[in-house]
Amino acid sequence: MPVTTAPQGQGRFNALWIRLVGLAAVISVILLVSAGILLNQLFQAALERNFEARLRAVLDGLLATVEVAEDGSPIIQTELADTRFTLPLSGWYWQVTPPPGRNLSDLASASLLEQRLRPKLEDLAERGEDGIARFYLRDANGAHLRAIEQGFKLFGGNDEFSFLVAGNFDELKAEADAFRRTLFIILGLLGLGLVFAILVQVRIGLRPLRTLRQRLTAIREGKAERLEGRFPNEIQPVADELNLLIQSNSEIVERARTQVGNLAHALKTPLSVLGNEAQLNPGPLADKVIEQSRTMRDQVSLYLDRARRAARAQTLGAVTEVEPVLAGLARTLMRIHQDRGIAIAVDCRAGLKFRGEKQDLEEMAGNLLDNACKWASKNIVVEVAQLKTDPADGRAWLEIAVGDDGPGLPEDKRAEAMKRGRRLDETKPGSGLGLSIVTETAQMYGGTLRLGAAKLGGLAAILKLPAVA
Amino acid sequence: MRLLVVEDDPDLNRQLVTAFTEAGYAVDKASDGEEGHFLGDTEPYDAVVLDLGLPVLDGVSVLEKWRRAGRKMPVLILTARDRWSDKVAGFDAGADDYVAKPFHMEEVLARIRALVRRSAGHASSEIACGPLLLDTAGARVTVDGRAIKLTSLEFRLLSYLMHHKGKVVSRTELVEHLYDQDFDRDSNTIEVFVGRLRKKLGVDVLHTVRGMGYCVTEPEEAGKG
Chain A
1 MPVTTAPQGQ GRFNALWIRL VGLAAVISVI LLVSAGILLN QLFQAALERN
51 FEARLRAVLD GLLATVEVAE DGSPIIQTEL ADTRFTLPLS GWYWQVTPPP
101 GRNLSDLASA SLLEQRLRPK LEDLAERGED GIARFYLRDA NGAHLRAIEQ
151 GFKLFGGNDE FSFLVAGNFD ELKAEADAFR RTLFIILGLL GLGLVFAILV
201 QVRIGLRPLR TLRQRLTAIR EGKAERLEGR FPNEIQPVAD ELNLLIQSNS
251 EIVERARTQV GNLAHALKTP LSVLGNEAQL NPGPLADKVI EQSRTMRDQV
301 SLYLDRARRA ARAQTLGAVT EVEPVLAGLA RTLMRIHQDR GIAIAVDCRA
351 GLKFRGEKQD LEEMAGNLLD NACKWASKNI VVEVAQLKTD PADGRAWLEI
401 AVGDDGPGLP EDKRAEAMKR GRRLDETKPG SGLGLSIVTE TAQMYGGTLR
451 LGAAKLGGLA AILKLPAVA
Chain B
1 MRLLVVEDDP DLNRQLVTAF TEAGYAVDKA SDGEEGHFLG DTEPYDAVVL
51 DLGLPVLDGV SVLEKWRRAG RKMPVLILTA RDRWSDKVAG FDAGADDYVA
101 KPFHMEEVLA RIRALVRRSA GHASSEIACG PLLLDTAGAR VTVDGRAIKL
151 TSLEFRLLSY LMHHKGKVVS RTELVEHLYD QDFDRDSNTI EVFVGRLRKK
201 LGVDVLHTVR GMGYCVTEPE EAGKG
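Quick note, the sequences are listed as chains A and B, same order.
Once you know that position 457 of the first sequence is 457 in the numbering used here, the rest is easy, because the numbers rise by one and skip nothing.
Once you know that position 150 of the second sequence is 150 in the numbering used here, the rest is easy, because the numbers rise by one and skip nothing.
Keep in mind the hints are simulated off the structure, nothing from the lab.
Quantities reported herein were computed from a predicted structural model and do not represent experimental measurements.
Not one of these hints is a red herring.
A short, non-exhaustive set of chain A residues, derived as facing chain B with CB atoms under 7 angstroms: (1) Lys268; (2) Thr269; (3) Leu271; (4) Gly275; (5) Asn276; (6) Gly328; (7) Thr332; (8) Gln359; (9) Glu362; (10) Gly366.
Every residue gets a Cβ at the ideal spot worked out from N, C-alpha and C, and that includes glycine.
Start from the sequences, fold in the hints, and give me the full structure.
Structural data, given as structure tokens:
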């Protein structure tokens, strides 16, 4: 079965979580920046309205206290209480200017010293319907001013005087900056919090997908047979479909395997017929037929073996109780070797389970027992023991030891017997010790086969296989 | 010795029947499970060769039905399925031996010989009775080492009586085990064969038990009895 690695996609950033987090982050940043700008503007506007209200209060106060002298010039009855209008260049000013063309003296706050504010047309910010004009000005110090100007006819004269009040807006700049800073810090923290929340949400939200992948991996590795458990409603249909796919896949493989098996088995009868017929009629043709039918027999065995292997890769999570299998084999072999009166004793605790296919256990134990029967003189003992769980990988193992009272094998010959079985193509059906299939099958399960000396005096074959703890 | 061959492949069936007939057995044949079961259930065979993949009724079921009905004849299973699970299933159903296809005819012959011998309680391939020796493996009969030429029916008759040495075998039983089902049985011919056999052997081992049948015993025992 080809092992496919997870596709890496077009780029490193082609991950669902990056998309979700990225998209959410972009949207959050846009919203947060817009909110920041809007809030800042609202605050600025409120600040300016408040500032203008103060300027208008000053303007009202000024109107109440400025009068027209006999020469038509404006005079102030009482100085304004606010000391900022007396501090030189404080940024807070007022001035009353007679209409141009009339040779009259003007009036200004002490803070202006000898200077005068001359609002130009380009400084005009707005002229309201109430007759109030608003200006953005700068004084001699370069301070930013907000000014309002209104024309009034004073009591006792016909001239329209321009009343102008200006305030130092820079004083509010610090306040506005402080607000903006706080605003940005809060919005920044909010943004970070949002990104973190999105990350958490995406991780949790995508967890079922990760679970799905892990379970699929488990299926591919043969640890599970299908996707178990409930998935969220969006993923459950996918899981269901995958289960159906896995099922139909294994059905197809099973069918193909069965057909290969059937074909191979079906060929055996005609092969028997050919071989027997050829032996009854000796001659060159018969020799050819015998030779070729032997080749065909080997081919049939080879493909049957392959089909079994394919089946093994397909079956997952099988668990087999050891004792009944060994008991059945012992029963059968004692029957086969009835003439020689061979006794096979099976010492196996009931409930001991092999983590694998029943047929594989049968094939391994059957070949070992068959082998033992060939060499034993009277007795064969099969001992099964559950090994202590390996603390390194936490896997449970069991050992099946088949010992006979035959001649046994010296140590150097044992290694050779094992080696000979390494390659499948060297062993023909019915020849050799038949250990190759046992070793290969055991290795498929991560197990081992070793040979030793039996307590009864003959050879002991010890099979180590994964167990169910 | 009378055998039953249950095999659905006509060629293989014919080969088996020919080989067994040549080896001196009376052979009946069946080509499906139902026919095989019926024959095995009604006729007294000394051994059965049973294919597992049979039409109508599979071999394991046939075997189980026989064993449930108390039929004890030795059964050799012949099958393409050679996995241990198949063997265990076969033996658990009551088989006595197992040969996997493709097979050599000699092997099947040897296994059947061994089965027949074993079911009669003989461990060796040679059954002796005084100077008379029956070699089941070689299908040879000797008296004091001198080979005796026998027809297949004579051999069958002697072989059956030797296998059941010391027991009285009735004429009907002999007829049932010497002829296949298609043969026109006449129990009177048995008397003729027994007489001819006595003459050929020349030793006094084959006795007639009046009203009961025939019996093979050691010559000195016969002297006492």
